[in-house]
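**Student:** Chain by chain, the residues:
Protein chains: 2
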Amino acid sequence: MAENQYGRQSIVFKNSPEIFSAYSTVGSKEGKGPLKSWFDLILQEDKIGQKTWEEAEAKLLKDTIVGAVKKGKTDKHKIDVIFSGDLINQLMSSSYAIRELGIPFLGLYGACSTMSEAIMMSAAFVSAGYCEAAAAAASSHFCTAERQFRMPLAHGNQKPPSAQLTVTGAGCVLVRKPDIVLEQPSEEGERVYVSGGTIGKIVDMGIKDSNMMGAAMAPAAVDTLTAHFRESGKEPEFYDMILTGDLGAIGKSIVIDSMRKKGFDLSNNYEDCGCVIYESNSDAHSGGSGCGCSAAVFCGYVYNKMRIGELKNVLLVSTGALLSTISTQQGESIPGIAHAVAFTTERKMV
Amino acid sequence: MAENQYGRQSIVFKNSPEIFSAYSTVGSKEGKGPLKSWFDLILQEDKIGQKTWEEAEAKLLKDTIVGAVKKGKTDKHKIDVIFSGDLINQLMSSSYAIRELGIPFLGLYGACSTMSEAIMMSAAFVSAGYCEAAAAAASSHFCTAERQFRMPLAHGNQKPPSAQLTVTGAGCVLVRKPDIVLEQPSEEGERVYVSGGTIGKIVDMGIKDSNMMGAAMAPAAVDTLTAHFRESGKEPEFYDMILTGDLGAIGKSIVIDSMRKKGFDLSNNYEDCGCVIYESNSDAHSGGSGCGCSAAVFCGYVYNKMRIGELKNVLLVSTGALLSTISTQQGESIPGIAHAVAFTTERKMV
Chain E
-1 MAENQYGRQS IVFKNSPEIF SAYSTVGSKE GKGPLKSWFD LILQEDKIGQ
49 KTWEEAEAKL LKDTIVGAVK KGKTDKHKID VIFSGDLINQ LMSSSYAIRE
99 LGIPFLGLYG ACSTMSEAIM MSAAFVSAGY CEAAAAAASS HFCTAERQFR
149 MPLAHGNQKP PSAQLTVTGA GCVLVRKPDI VLEQPSEEGE RVYVSGGTIG
199 KIVDMGIKDS NMMGAAMAPA AVDTLTAHFR ESGKEPEFYD MILTGDLGAI
249 GKSIVIDSMR KKGFDLSNNY EDCGCVIYES NSDAHSGGSG CGCSAAVFCG
299 YVYNKMRIGE LKNVLLVSTG ALLSTISTQQ GESIPGIAHA VAFTTERKMV
Chain W
-1 MAENQYGRQS IVFKNSPEIF SAYSTVGSKE GKGPLKSWFD LILQEDKIGQ
49 KTWEEAEAKL LKDTIVGAVK KGKTDKHKID VIFSGDLINQ LMSSSYAIRE
99 LGIPFLGLYG ACSTMSEAIM MSAAFVSAGY CEAAAAAASS HFCTAERQFR
149 MPLAHGNQKP PSAQLTVTGA GCVLVRKPDI VLEQPSEEGE RVYVSGGTIG
199 KIVDMGIKDS NMMGAAMAPA AVDTLTAHFR ESGKEPEFYD MILTGDLGAI
249 GKSIVIDSMR KKGFDLSNNY EDCGCVIYES NSDAHSGGSG CGCSAAVFCG
299 YVYNKMRIGE LKNVLLVSTG ALLSTISTQQ GESIPGIAHA VAFTTERKMV
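So the sequences go chain by chain: E and W.
Take the first sequence: its position 201, counting from 1, is numbered 199 in the working numbering, and each next residue is one higher.
Take the second sequence: its position 44, counting from 1, is numbered 42 in the working numbering, and each next residue is one higher.
Hints listed in this document are in silico derivations from the structure and should not be mistaken for laboratory results.
You may find that some hints are simply not true.
For identical chains, the list gives no copy identity; a pair is met inside one copy or between any two copies.
What the hints assert, rightly or not - Here are the simulated DSS-like cross-link-like pairs (lysine-lysine), alpha carbons at most 25 angstroms apart as the crow flies:
(1) Lys259 <-> Lys175
(2) Lys206 <-> Lys49
(3) Lys157 <-> Lys71
(4) Lys76 <-> Lys232
(5) Lys45 <-> Lys206
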């Protein structure tokens, strides 16, 4: 095994790259949900004054990145690289958002697993000394996703109860090496470090119904969680919170059942971002989905819970359904993937 | 600056991650071009017996990865992570190719800059000790790209002379830490190391014509080349060959002119993958394009030229046009990006 690896899929960041800023933006519907007090910005109007939904998503993402930079009391010229992705064909949202910022850009695509992939990459680059500071970002927008993956909004199509609602939202974190001078807990609260991650494999159990994405992604989450516990030697209880990305109610129940069969009890500390972002009576069917779901929930809710000391160790497992309209039209099943990133407020000196 | 950085955009791999295998596959048309003797596999028939062109591209990519694994005398279970991408919406080719291989997967999207992004990531992960061995791969296919980005093949549309032809092809490299035991040149030839890279910024000069992609991408290539020379302190003459990804004849001439104005003479050692992959009378208009263009040219031609000692230092600058059909339909201009990766056969001990 390599020196910063603790298993084939799992890497460790020995020098504790620190998330020194996190910013979240959500749409108007998400801003009425149970987590509304945790988000940095709630849109009053989801088109944000733009001509098209795609421009709106690009602006949502750009404003979120700029928000993270301001909140981190830094400057965009001090961010050496941004890892970002979204759901829109050819990463249209990320490309048009970052075009205006002049930050060196490495594009990622992991469907809704993009935020954990991006955080892992940014921590990996900071920890290895490839940059001083890195950003990780992801976005999704209900209206761009509906148009691209499903039906024109004006159709007003009905959906089955297993369907999920693409979150209008974005998140951005900034990562740097921990500051020795600021080693002590600051008045702003606990510091949040990225301690490691587990890279997912593609898992495809043959589900072909794009209204059953939670069920399509759940086996990938189970595979990555199992690999993470096996390789890290940690038990689920080590974490104050384990969060999957956007499995929704059906996918979440599959994860709990499947993990129990493998000997892991997740009943006490496991939640799914897609299950907590909307009110239960909000017509969101099985729950939220989209890159922006785990991105906004992590950057808004989880990060701030860690900052105020209510959570010490968190595992974020963003989950992605690697389908496209072409693959669906061609009758292909839906490959799933999940990447895990571990966060801690307890920095280990090495 | 961080310890493995020599400028905001540029990183250095001090322990010389080694490319221990490279495999290239091209389609039948590319297999008639001037580089035909350098490719590992030339398809007789570009659908490779599959039902759809998309399945054909996935098979092309999978067979190329498997080819690299076999050629490297290793096993797919010994590859800890694969960085891969393609042009098809939601990385359909990579997802379906890698689904069957069981290799932990981090998806990338950089349009046609994907191969240099993937090689940089795999070298970064190996060099930092996050894995023992990593793979980097990318593919494109004329028939999937035409269908997705342009017109149905059956239309037989004409194109202007500035248009480029998407290469049917794929490349895969395997990267590991250099083997101390095998330090001396082996009977197989020189060893090829990844010495560093320069991460590109998005550059958009306002071109909106998707039949002018070389011109749209050229300013990004100029920006990255300039950053690379400025930050690394190297002159163009340091390299035996500087290769852009797929600018074609028009983009290549813009790069030469623009770099001359900035004081860099590229007239002696600069080539473009898109200009060398087809015969000049092959109806390829301005030249080849697609992720597979620089991937196959690097893995076939360049890597093997380095192995036989004809090239010592090479800079690969794959170039991407970050457009989508949606952005084109909405009248947006085409953002370009280029990432540079430096290769050497002269390992520096550190």
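**Student:** All hints, please: hold or fail.
**Tutor:** Taking the hints in turn, this is what the structure says about them:
1. Lys259 <-> Lys175: Neither way: Lys259 and Lys175 sit 39 angstroms apart in one copy and 39 angstroms across, limit 25 angstroms.
2. Lys206 <-> Lys49: Intra 34 angstroms, inter 18 angstroms, cutoff 25 angstroms: inter-copy only.
3. Lys157 <-> Lys71: neither (44 angstroms within a copy, 50 angstroms between copies)
4. Lys76 <-> Lys232: between (36 angstroms within a copy, 24 angstroms between copies)
5. Lys45 <-> Lys206: between (32 angstroms within a copy, 24 angstroms between copies)
Going through the hint list in order, the structure does not satisfy hints 1 and 3.
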